[in-house]
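With chain A held as given, fit chain B onto it using these hints.
Chains as they are written, first to last, in the working numbering: chain A, 12 to 534; chain B, 54 to 386.
To be clear, the hints were calculated from the coordinates, so they are not data collected in a lab. Fair warning: there could be bad hints in the mix.
To give a feel for the contact side, a few chain B residues facing chain A, derived at Cβ under 7 angstroms [claimed, not checked]: (1) L123; (2) T173; (3) V188; (4) I196; (5) D199; (6) I319; (7) E362; (8) T363.
We put the CB at the ideal spot given by N, CA and C, even for glycine.
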Amino acid sequence: MIERAVYRRVERIENPTGRKLAAGLVRLVLENWFYALFFVLLWRFPYLVADLTDSEVMPQRPTGGSVFWQSVMAQTLLIACLAMSYNVLFGFGGIISFGHALFFGIGGYTTFILMREYEPGARWPVLAGFAALVVVIGALARIPWRRLALAALVGAALLYLLLPGSGGVSVYQGFGVAVLLSVALSLLSGAVTLRLRGVYFAMFTLALAEVFWVLAKSGTLRALTGAEDGLPFRDLIPDALNPTPTAGGNRLAMYRVTVIFFALVFLAIRRYINSPVGRVIVAVRDNEQRARAIGYNAFHYKLLTMVFAGVLATLSGLLFVLWGSAKRVDPTLLSLNYTVEPLLLTLIGGVGTLTGPVVAALGLELGRTYLREETFTFSTRLFGLLSLWQALWVAGFALFFYVFRRGLRRGVARALGAGRDPGSRAVTLAAGAGAAAALIVVALVAQAIYAETDLDTYVYKVADLWQLFQGMLFVLVVMLLPHGIVGTWNRWWFNRRLRRMARQAAARAAGAETAEPSGGHEA
Amino acid sequence: MPGYFARLTPRYRRSWALVAAYLAFLVLISLIDFGGNTAGQTLFRGLMLSMLIFLVASGLSLIFGLLDVLNFAQGAFVLVGAYIGYATYQSVELSSTYSFLAAVGAAVVSVGLLGAVIETGLIRPLYARPVFQIVLTFGLGAILLDLVQRIYGPQPKQPLAPPELFRGTFYLFGQSLSIYRLFIIGLGLVIMVAVGLLLNRTRLGIIIRAGVQDAEMVQALGINVRRVFTFVFVLGAVLAGLAGIVLVPYQGATLDLGNQFLILAIVVVVIGGMGSYEGTAVASFIVGLTRAVAEQMSLKHFDAPVLAETSILILMIVVLLVQPSGLFGREES
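The shape of chain A in the complex, shown without the other chains (with noise of 0.2 angstroms):
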C-alpha cells in the first residue's frame, strides 16, 4: 500500500498530468496517423473526385462524377463492414459461418415490414413471441439462468419501448427491432450449433440462411415480402435517409454517416479484439482446449463474438439496402452471394487481420466500378508466336507434369542409372530438359492441327469476366497466397524486423568478443 502510494507520487513528480496527455495524444496521433489520413481521405473524397472528373458535389439532378462515386464509395464501404465483421467471426473467432448473408438481409426486411405491417394491438403477441424464443434459448444453450433472466428483461424491456402503444413504426424503431432480432437469431443459431464441429455448425448457418432465402423469394408470402420483385420501401422513409435526392445534399450527408459508420465500426472491432474478451477469443481461437483448462468457458466468448458479428452485419446491410437505387429490399442481400463475397474478401485481405478486409473491398470493388465499362481484347495469337490452342495444349501437358513431376523424377532416376538419387541435381536438369523438349513437340503438333483454324479477336466486357475473375481469385489466394494481402506484409514485415534484430545482436556478440580477450587480458 505505502510503497503504491509512493510510486505514484513519485511518477507524478517525474511525469506531470498535463505532459502525460500530451504525450498520450502525440502517441495516439503517431499510432493512428495512418488511419487518420485515411479518414480525412475518405471524408474529401466526393470535393476529390468532383474536382478530377469536373462535376458538382450536389447537382441538380443525380448525373455526374462525383454524385456517382459518392454513391459506389459508400456502397464498398458497407461491403467492407460486413466483409470486416465477417473477419470477426471467421478470423478472430474461427467460426466458420455460411450463413453470414442472413444478418445482412434481415435487418431490411425486418424494418420495412414492421413498418407496414405494423399495428399497435401486435404489442403483446410479439412480446410473448420474444418471450417464447427466449425459452428456446434458454432450454438450449444451457446459459445460467440469471445471466438469461437478466438479458430476456433488458430485451423484453426495449422491445416495450420500441414498439408503440399507437400509431406506427417508425424507421428508427424500426432499425432498433432489426437489431434485437439479430442479436436473437445469433444467439439462437450459436447457442444450437456451436458446440458442433466446424463442418456442422458451418452447415446449419447454411442451412438456416438458405430457409430465409427461399422463404423471401417464395410467391406464397408475396404480401408480405413481395417475393422476388422485392419489398418496395420508397415511401416508407424520410428524406434524411434517402441518398436519391442530391441537390439538397442528401446524398452527401448520408454519405458522411455512412463513413463515420464505417469509422465507427472499424474502431469498434478494434476496440473488441484488444480487450480482454477479445484476446480470449483469438486464444479459444487458437487452441480452444487450452482456454477451457485455463477456465474460460470457451462456448460463451464464441457466443458473444457471434453476436457482435451478426449486430455488426446487420447495421451494414440497413445501411446498404438505404443505398440501394432501386428502394427495394431484395430477396438476393439473403443469398449465398453476401456469404460468399464477404468470405472472399476476408481471404484476399488476409484472415485475422484488421485492415485486410477493408483493403480488398476497396480493391475489389471499386476496381469492379472503374472497370465497368472496359473491355478486354482477347486475341487467339499470343505474342505472335502460338495460338491460343497452342498455348491451352502447352498449359495442359505443364499441368501433366508438374501433377506426375515425382513419378517423372523416378523414372528419369531410373533411367539415367541404378542407384541416382530421385532428387539430385543431374535428375532435375536432364527431367527438366526432357519435360521442356516435351512441351516444345507438343507445341509444334499442336500448330500442326490447328494450322486452318482461323485466328479470331474476342472482345469481353470486363464486368461479364467478373465471375470467372472472383472464382479464380478465390483457388489463387487460398493455393498462393494463404495469408491474405495484409497477412503476408505483416509477416514480411515482421520478418524484416527479427532479421535486423538478429543483425544488431550478432553484431553486438562479435563486438562483445573482439573486446573480451583484452578484457580478459587485464583481468
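Okay, now just chain B, sitting in the frame of chain A:
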C-alpha cells in the same frame, strides 16, 4: 442381411426403426392427403429423385468421410456432367442408344479427369489446412459454373429424347410413364449395390473403410492412402457426373442444377451421418420422398412450392439439433 441386423448396436437399431417409421408416415400421409393414384405418382417421383440424389450424395459422403474435405464442387460436377453429356448426346450421330452411351462415357471420363486433376493438383497441398479446402472447392464450383455458362450459354437446355431402348411407356397409378424413369431408378439401385459391394467385399473397400476411421493409421500400415484418396475423389466425381448425364433426357440441363443438387446432397449427408454409406443411402430415400411429398402437398394447398424447398432444410435443422452426428454417423466426442 439378417446377420446385419443382429449385429447392430442399439443406436443403429433405433435409427433404422426411426427411418422405417418416418417412411411409413410419409406413405400414409400422402395416401390420406392425395388419394391412391396421386400418392403413387408422388412417391414414384420421389423414388426417382432419391436415386439421383443418392448418386451425388454418396460421393460427397465418401469424400468427406475419407478425405475430411467438404466438397462444395460436387454440384459443379453434376453440372459439368450434364452439359458435356448433353453436347455429346446431341452431336454424336449414331443410333440414339449408342450416342447415349457415348454421352455417358464422355461425361464420366471428363468429370473423372477433372476430379483427378483437382484432387492431385489443388486439394492435396491443402490437407493441412482444412478450412481452406472448403473455400477452394467453393471457388472451383464458381469457376466451373461460369465456364459452363460461358461455353454453353445461359439458356436452359430442353430435355433430349431418351435413347431408343428406353423410349417406351408403361402404365402405372393411372398415368402412362416413360420407361426411362424406371431406368433411372434401376441404375441408382445398381450403383447403390455396386458401391456397397465395393466397400464391403473388396480389399480396396476395406482400405477405404479403415481410412474413414483413421487415415493416419492406414498409412502407418504401409498402404498408400494418398492413392486411395485420389480414387475416392474420382469415384465421387464420376457418380456426380453420371447423375448429371442421366438427368439430361429427363429434365434437360439448367445452370442451377449444380446448386440445387449440392444442397440436397448436403442435407442427405448430414441426415445420414458423415462418412456412413448406409446412412447416405437411407437418407437419400428420406430426402427424395420428403421433397416429392412436400412439393405435391404445397401445390395442392398453397399452389406454390415454398414447402418443398424449406421442408428438407427444416428436416436437416431438426436432425442437427437432435442428433448432430446424423442417423448413422459416428458419435462426436
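Hint numbers contradicted by this structure: Nothing - there is no hint that the structure violates, so all of them hold.
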